[in-house]
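With the working numbering applied, the sequence shown covers 214 to 583.
I should point out that these hints are in silico values taken from the structure, not numbers from a laboratory.
Model, not experiment: these values are computed from the prediction.
The reader is advised that the hints may include incorrect statements.
Straight-line distance between alpha carbons at most 25 Å, and here's what the computed DSS-like set of lysine-lysine pairs gives [unchecked claim]:
1. K357 - K344
2. K236 - K278
3. K236 - K312
4. K410 - K425
5. K314 - K382
6. K515 - K433
7. K426 - K546
Quick list of the computed label-pair ranges, beta carbon to beta carbon [stated by the list, open to error]:
8. E272 - R478: 26 to 32 Å
9. E414 - K453: 18 to 24 Å
10. S351 - R302: 22 to 28 Å
11. E562 - I359: 39 to 45 Å
Just so it is clear, CB atoms sit at the ideal spot from N, CA and C, and this is done for glycine as well.
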Amino acid sequence: MNIGKIRLINFRNYLNLNLNLNKKINVFIGKNAQGKTNLLESIYVCATGKSFRTNSDREMINFDKDEAYIGAYMNIDDYERFIEIKLERNAAKTIRINKNKLENQKELNSGLNVVVFAPDDLRLVKDGPAKRRDFLDSEISQIKPIYQFNISRYNKILFQRNNILKSTKSYKEKRELLDIFDLQLASTGAEIVVERKKYIEDLSEIAREIHKKVTSSNEKIQLEYETNIEYDGDTNILIKTYLDKLKENVNRDIETRTTSLGPHRDDMNVFINEKDLRIYGSQGQQRTTVLSIKLSEVELIKRVRGSYPILLLDDVFSELDSERRKYLIDSLKDIQTIITVTDTMNLKEMKSIDKSIFYVNDGMLSKRSF
Numbered sequence: 214m215n216i217g218k219i220r221l222i223n224f225r226n227y228l229n230l231n232l233n234l235n236k237k238i239n240v241f242i243g244k245n246a247q248g249k250t251n252l253l254e255s256i257y258v259c260a261t262g263k264s265f266r267t268n269s270d271r272e273m274i275n276f277d278k279d280e281a282y283i284g285a286y287m288n289i290d291d292y293e294r295f296i297e298i299k300l301e302r303n304a305a306k307t308i309r310i311n312k313n314k315l316e317n318q319k320e321l322n323s324g325l326n327v328v329v330f331a332p333d334d335l336r337l338v339k340d341g342p343a344k345r346r347d348f349l350d351s352e353i354s355q356i357k358p359i360y361q362f363n364i365s366r367y368n369k370i371l372f373q374r375n376n377i378l379k380s381t382k383s384y385k386e387k388r389e390l391l392d393i394f395d396l397q398l399a400s401t402g403a404e405i406v407v408e409r410k411k412y413i414e415d416l417s418e419i420a421r422e423i424h425k426k427v428t429s430s431n432e433k434i435q436l437e438y439e440t441n442i443e444y445d446g447d448t449n450i451l452i453k454t455y456l457d458k459l460k461e462n463v464n465r466d467i468e469t470r471t472t473s474l475g476p477h478r479d480d481m482n483v484f485i486n487e488k489d490l491r492i493y494g495s496q497g498q499q500r501t502t503v504l505s506i507k508l509s510e511v512e513l514i515k516r517v518r519g520s521y522p523i524l525l526l527d528d529v530f531s532e533l534d535s536e537r538r539k540y541l542i543d544s545l546k547d548i549q550t551i552i553t554v555t556d557t558m559n560l561k562e563m564k565s566i567d568k569s570i571f572y573v574n575d576g577m578l579s580k581r582s583f
């Protein structure tokens with residue numbers, strides 16, 4: 214899969230851009246705040262319908278304008294697809310695929326998969342569980358769209374259950390209402406737990422091989438799903454266990470006025486040589502681990518979808534040493550990759566790769582040879 218052309222109108226600092234992309238490597242060079250990451254963001258929006266930088270569509274519209282447009286021609290399994298996204302300050306976004314308007318963003322199944330790797334991804338191992346849950350939810354949704362539906366449904370049920378816990382209703386009334394919502398919460402939550410556990414197991418299997426190569430066999434990586442509901446492979450038993458635990462904890466939940474159990478409390482643990490990376494890992498090990506996880510995402514999407522996703526590398530070369538950069542570059546030969554850098558220092562390492570080079574200056578592009 215690849216993107217052939219992209220058109221931006223009033224998107225961030227791009228007032229009117231027509232860009233033809235190389236099917237292999239595309240390098241965008243420029244100082245900070247010139248618009249390099251905006252290009253990556255526009256591609257991500259085409260794939261997922263949302264930004265990886267903000268939850269507000271309005272922020273993606275040029276400051277002086279009331280609406281923005283993204284149009285992208287992409288090739289997926291030898292089939293050309295044209296995606297258009299219109300953003301408005303005072304209305305919901307509009308999405309069209311091959312000129313057919315979607316009813317809402319939930320219907321978006323662009324067929325385009327992307328993996329983003331940015332310096333901020335170090336937070337994947339440094340930050341708390343919420344960051345890793347967001348990572349899991351985003352990546353699983355790309356390869357299994359029904360998962361996003363389950364996440365949305367679960368969050369709505371969870372919100373309603375927490376409202377009951379916070380209400381001024383009597384204890385008896387709360388218990389009666391909670392019994393209704395608990396079954397829905399357990400059924401939907403179980404689906405999420407099953408998908409997360411499988412995804413982490415598959416990702417861990419791939420990551421072991423990649424991390425072994427990246428570290429010259431000096432380190433062994435292991436990813437594990439940490440859930441507060443025991444799961445032995447039987448979904449029906451999982452739902453029953455979930456329900457039983459909700460009932461066991463109901464008095465505590467009423468007292469604290471929040472739901473204490475469920476996938477909204479889960480985490481992904483990362484171990485290097487059987488030691489918790491967050492506690493014992495150096496910054497270098499954390500960077501290498503994130504590199505391994507990101508490349509494992511790419512391979513897992515290839516395994517599931519049959520073709521490589523588009524890889525978006527946002528100024529990550531400066532975060533890696535020469536050995537890690539070489540491994541990353543060697544991994545790009547079959548993948549359409551969009552790379553942003555602040556200088557030409559790393560281009561020599563890409564000498565033998567088919568690539569297009571663009572210089573970015575305040576939302577204007579110029580193509581160069583190197």
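| field | Supplied distance hint 26 to 32 Å, evaluated on CB atoms of E272 and R478 | value | holds (30 Å)
| Given the proposed pairing of K410 with K425, does the C-alpha separation stay at or below 25 Å? | holds (22 Å)
| Range hint 39 to 45 Å: satisfied by the CB atoms of E562 and I359? | holds (41 Å)
| field | Restraint check for K515 with K433, where alpha carbons must lie at most 25 Å apart | value | Roughly 23 Å separates the two Cα atoms, so the pair holds.
| task | Would you check the hint for K314 and K382, treating anything up to 25 Å between C-alpha atoms as holding? | result | Cα-Cα ~44 Å, so violated.
| request: Take a quick look at whether K426 and K546 sit within 25 Å of each other, Cα to Cα. | output: Roughly 17 Å separates the two Cα atoms, so the pair holds.
| query | Does the Cβ distance between S351 and R302 fall inside 22 to 28 Å? | reply | Because 26 Å falls inside the window, the suggested range holds.
| request: Would you mind confirming whether the straight-line C-alpha gap from K357 to K344 stays at or under 25 Å? | output: holds (20 Å)
| task | Go ahead and decide if the range 18 to 24 Å is satisfied by the Cβ distance of E414 to K453. | result | holds (23 Å)
| query | Taking only the CA atoms, is the gap from K236 to K278 under or equal to 25 Å? | reply | Given that 25 Å is the threshold and the Cα spacing comes to 32 Å, the pair is violated.
| said: So if I understand the rule, the pair passes when the alpha-carbon distance is 25 Å or less; does K236 with K312 pass? | reply: holds (24 Å)
Violation of the numbered hints given earlier is confined to hints 2 and 5; the remaining hints are satisfied by the structure.
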